[in-house]
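Sequences and hints are given; from them, build the entire structure.
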Amino acid sequence: MSEAKTEILNRIRGALHDAPTPAPAQRTYRRVSERAAEEVVEMLVDRLVDYKAAVYHETPASLPGRIAQLLGVSARYVVPTGLDTAWLPEDTAARRVLVDPNDARDASALGVRELNAVDAVVTSSTVSCAETGTIFLTGRPEEGRRAISLVPDHHICVVPVETVVELIPEALALVEPTAPVTMISGPSATSDIELERVEGVHGPRTLDVILLG
1 MSEAKTEILN
11 RIRGALHDAP
21 TPAPAQRTYR
31 RVSERAAEEV
41 VEMLVDRLVD
51 YKAAVYHETP
61 ASLPGRIAQL
71 LGVSARYVVP
81 TGLDTAWLPE
91 DTAARRVLVD
101 PNDARDASAL
111 GVRELNAVDA
121 VVTSSTVSCA
131 ETGTIFLTGR
141 PEEGRRAISL
151 VPDHHICVVP
161 VETVVELIPE
171 ALALVEPTAP
181 VTMISGPSAT
191 SDIELERVEG
201 VHGPRTLDVI
211 LLG
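The sequence shown maps to residues 1 to 213 in the working numbering.
Note that these hints are calculated values from the structure, not bench results. Positions of the beta carbon are idealized from the N, C-alpha and C atoms, including for glycine.
Quick list of simulated restraints, FRET-style, between CB atoms:
1) Thr28 - Asp84: 36 to 46 Å
2) Ser74 - Gln26: 58 to 68 Å
3) Leu174 - Val73: 32 to 42 Å
4) Ile12 - Lys52: 50 to 60 Å
5) Lys5 - Thr28: 37 to 47 Å
6) Glu39 - Arg13: 53 to 63 Å
7) Glu38 - Ala93: 28 to 38 Å
8) Ala61 - Pro177: 32 to 42 Å
9) Val175 - Leu9: 44 to 54 Å
Below, a list of computed lysine to aspartate or glutamate pairs in the EDC-like style, where the Cα atoms sit at most 20 Å apart:
10) Lys52 - Glu42
11) Lys52 - Asp153
12) Lys52 - Glu196
13) Lys52 - Glu131
As structure tokens, then:
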């Protein structure tokens, strides 16, 4: 290496050595929402609709009728045993498959093939983040094991309005750290193949969200 190049490199090294260490960037993250509850719910609805989910507002009295409408007259559907049966239409009991997340026999009796033959699933949810339009399921008794919400082609998810928060930190604070978390933002979709959107590849093709309040 020539003396000129060596001198230039030495100057660069000296300048880097003498340069002051930059102060760490100051970042502030919102951890608590300051929005009104109604505004947060509206934000969640806007995100979900943008993700091509259908959203409905129901009361405990009108909920069974809405679920009956969404299921149709012949759909066979899965329900976790912890779900409030008062939410479900009585005349669909014969088409209902109950799954107990605490019973190991259910995992073998209702495998992927059996779940794939079922038309729909109805679950509740743990918490929903309006900022990202994400619904969190954590395997609680009213939500069931992960497979029942991922294999059937139609997911009807009940979201109590009091479980809707604005920010991710607020949502994560309500999730058990060791829980098997499933995050849902609209129907399953991918654009991996020739950048064309294809729905239903990794989960339900149809997502109906019922805000219960």
